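All chains, full assembly: derive it from the sequences and hints.
The listed protein sequences correspond, in order, to chains A and B.
Quick note, in our numbering, the first sequence goes up one by one and the last residue is 318.
Quick note, in our numbering, the second sequence goes up one by one and the last residue is 1073.
Take these hints with a grain of salt, some might be off.
Claimed, not checked - Cross-link-like lysine-lysine pairs, in silico, DSS-like; alpha carbons within 25 angstroms at most:
id, chain 1, residue 1, chain 2, residue 2
1, A, Lys26, B, Lys926
2, A, Lys233, A, Lys188
3, A, Lys26, B, Lys929
4, B, Lys1019, B, Lys1033
5, B, Lys926, A, Lys49
6, B, Lys842, B, Lys926
7, B, Lys929, B, Lys1033
8, B, Lys1061, B, Lys929
9, A, Lys299, A, Lys246
10, A, Lys49, A, Lys26
11, A, Lys220, A, Lys298
12, B, Lys959, A, Lys49
13, B, Lys842, A, Lys26
14, B, Lys850, B, Lys932
15, B, Lys959, B, Lys926
16, B, Lys850, B, Lys1026
17, B, Lys929, A, Lys49
18, A, Lys298, A, Lys246
In case anyone wonders, no lab produced these hints; they're calculated from the structure.
On a predicted model such as this, the values are computed, not experimentally measured, just so you know.
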Amino acid sequence: MKQFEILNTKDTRSGFGAGLHELGKTNPNVVALCADLTGSLKMDAFQKDFPDRFFQVGIAEANMIGLAAGLTIGGKIPYTGTFANFSTGRVYDQIRQSVAYSEKNVKICASHAGLTLGEDGATHQILEDIGLMKMLPGMVVINPCDYNQTKAATIAIANHVGPVYLRFGRPAVPNFTPENQVFQIGKALMLNEGTDVSIFATGHLVWKAIEAGHMLEEKGIRAEIINIHTIKPLDEAAVLTSVRKTRCVVTAEEHQMNGGLGDSIAQLLSRNYPAPLEMVAVNDSFGESGTPDELMKKYGLDAPHIAAAAERVMKRR
Amino acid sequence: MSDINQLNQLSTQIRRDILRMVHGCKSGHPGGSLGCADFFTALFFHVMDHKPAFHMDAKGEDLFFLSNGHISPVYYSTLARAGYFPVEELRTFRRINSRLQGHPATHEHLPGIRIASGSLGQGLSVAVGAALSKKLNKDAKMVYALMGDGEIQEGQCWEAFMFAAHHKVDNLIVTIDSNGQQIDGSTAEVAGIGAADIEAKVKAFGWEILHMNGHDMQQIIDTMNKAKSLAGKGKPIFILMKTEMGYPVDFMMGSHKWHGVAPNDAELEKALAQLPQTLGDY
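This is the structure in C-alpha cells:
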C-alpha cells in the first residue's frame, strides 16, 4: 500500500477561497457572488482585493443564481458561493432554467456539503446535492478530496465553458495531494494499484478510503483506490479498467446512496461489466447534530466501514 | 423607424402573427402577447439599439429580457419581423424540431434569445446580472426587461428589486405588463395586488417609477425616452404599463379567459377581421 504524506490539515473550503483569489489575479473575467456567507466560504480575500468584481447578494440565493446567469452575458465567469444546501435544493429551478437549460457559464460553488457540516444538523446537511446536480443535462459535478485539490479544481473550472457544480466542505481534513497539481475535469486519479477490490471514493471519503486500504493490507487484501473527483462526466474507462481487474467494487461518498457516485458507477457497470458492488453512503436518511467525526462514524462513512464493505463484496465475487 | 403610423402597422401585423401562430399549433398564450404587441414594436423598432446579426454577449448593444416567457408569440414575431430569423419560421411555433419552443429558450440557438424563461420570477435577476456585466465592461448601453404582474407573486422578483436598488443598477429599465389578469382570475382576486399596490411596493424598494398606456405608441416612445434620461442617476427604473389582455380583439378583452387558450377556426377568422394585414402574413 502506497504511503501518503499528510502535508497539513486544512478545510477544503479554504482551498476554494485560495483558488478564487488566485483567479482574481489571473483572470479579469472572473466575478464572485456570495449570499451572506463570505467568511464561511473563505471569499474574503477575493472581496478585499477585487471589490468591483465581488457582489454581496444577501440572503437571496435564487436571485444570486439569476444574477450569475445574467453576468455571463458579456463574458463574465461568475462563481456563486453559499452552503451546498442553499446552492442546490433551494435554487434548483433557477439552476435548471437560467443556468443549465440556458447553457450559462456559471460556477456553483458549494461549501459545508454533507454530514461533516456537523452541529447545525440536518437542515443544513445536504446529502442529495450530487444527485440533484448530476441529473441536469450539461452540468459538470466535481467533489475534490482535500485543500490542494479543491484549489486546483477552483482554478481549472474557469477554463471549462459551461455550468459546473463544485462541492466542498467545512472541516479540516488531511491535505495530501500535490500542491501545484494540474486539475483535469473528468480524469480519475489512481491512488493505489491493487488486484483484490476497487474502491472508488470522492470528496472527504478519499482519505478514509486510503485509511481503509491500510486496514485491508494488514489482512493481506490489496485494494485498488481511485479518487473520483469528477462525478460527472464520470471517467468510465478508468472505472471499467479497474473493475475488469478486481471484479468487485466499493464506492464511498458523503451523500445519499440514491443519486450519488455509487449510483453512477452501478449504472455504468450494469450496462458494461456487471460486478458485485457495495455502497458506503447514507442509506435513505437525514443527518443530525454532532461532531463531524461522530456523524461519519454513526452513519457508516469511515475507514472501518469501507474496509468491511470491501471484505463483504470480495465474498460476493 | 419613427413614424407612428408605421409602428402601428407593424404591431397590427405582429398581432396577426400571434393569433395565427397560436391557432396553428392549437396552444400558447395569445392574451398577454396581444396586450404587449405595441410595447415590443416600440422597443425593437424604435427604442433599442440592437443588431439582428445575433451575438450572445451583445457588447455595445441594448439588451432585452422577457421574464414572463409564456408570451413567446409576441417575442418571436417581433424578432422575426426585426430580421433575427425568417418570418416563415413562425409557422413552426411549438411544433416538433422547432427553434420556437413553447417558452423562449437558448438551447435551439434561436437568434435574439439570451436566456430561457417560462418558469416565472427569474428574468429580473438575469436582467440585473446582465446590467452588472455591462457596467463591468464599461458598456454604456441599456438593459430592458419585461415582467408580468402575476409573476411578481414569486419571491425571487422582490429579491431582485431589493438588490438592484441597493447596488444602484441604474442602467436597467424594467417594464411590468399591468393587465391585472392571471390564469385563475384577476391579480387582485388571486393575490390582492393591483396596479396601485405594485407601484407603492416597488417605489418603497427604491426604484424610479414611470407610467404609460401600453396601447398608445407615442406614449410608449415618450415614456421610454424619459426612462432613458433617468438612467445613470443611481436608481433602477420601473415602468408600470397599463394594458388590456387580448387587446384589441373585442371578444378576447375584459377577462383572463384568453391567457392560455388558442382560438378555433371561427374565432381566428373573427379576430383577424379586426386586424387588417399590413406587411403580409407569414
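Proposed proximity, Lys1033 of chain B with Lys1019 of chain B (alpha carbon, max 25 angstroms): Measuring from Cα to Cα gives roughly 19 angstroms; hence the hint holds.
Holds or violated: Lys929 of chain B to Lys1033 of chain B, with C-alpha atoms at most 25 angstroms apart: 33 angstroms, violated
Straight-line alpha-carbon gap Lys26 of chain A to Lys926 of chain B, limit 25 angstroms: Roughly 20 angstroms separates the two Cα atoms, so the pair holds.
Pair hint outcome, Lys842 of chain B versus Lys26 of chain A [Cα-Cα no greater than 25 angstroms]: With Cα atoms ~34 angstroms apart, Lys842 of chain B and Lys26 of chain A exceed 25 angstroms; violated.
Distance restraint between Lys926 of chain B and Lys49 of chain A, which requires alpha-carbon spacing of 25 angstroms or less: 20 angstroms, holds
Restraint check for Lys842 of chain B with Lys926 of chain B, where alpha carbons must lie at most 25 angstroms apart: 20 angstroms, holds
Proposed proximity, Lys929 of chain B with Lys26 of chain A (alpha carbon, max 25 angstroms): OK: Lys26 of chain A and Lys929 of chain B at ~20 angstroms, within 25 angstroms.
Given pair status - Lys246 of chain A, Lys298 of chain A, alpha carbons within 25 angstroms: Distance of about 30 angstroms is beyond 25 angstroms: violated.
25 angstroms Cα cutoff - pair Lys929 of chain B, Lys49 of chain A: 21 angstroms, holds
Pair hint Lys850 of chain B and Lys1026 of chain B, alpha-carbon separation not exceeding 25 angstroms: 22 angstroms, holds
Restraint status (C-alpha distance of Lys850 of chain B to Lys932 of chain B at most 25 angstroms): 8 angstroms, holds
Given pair status - Lys929 of chain B, Lys1061 of chain B, alpha carbons within 25 angstroms: 50 angstroms, violated
In terms of the numbered hints stated before, the structure departs from hints 7, 8, 9, 13 and 18, listed from lowest to highest.
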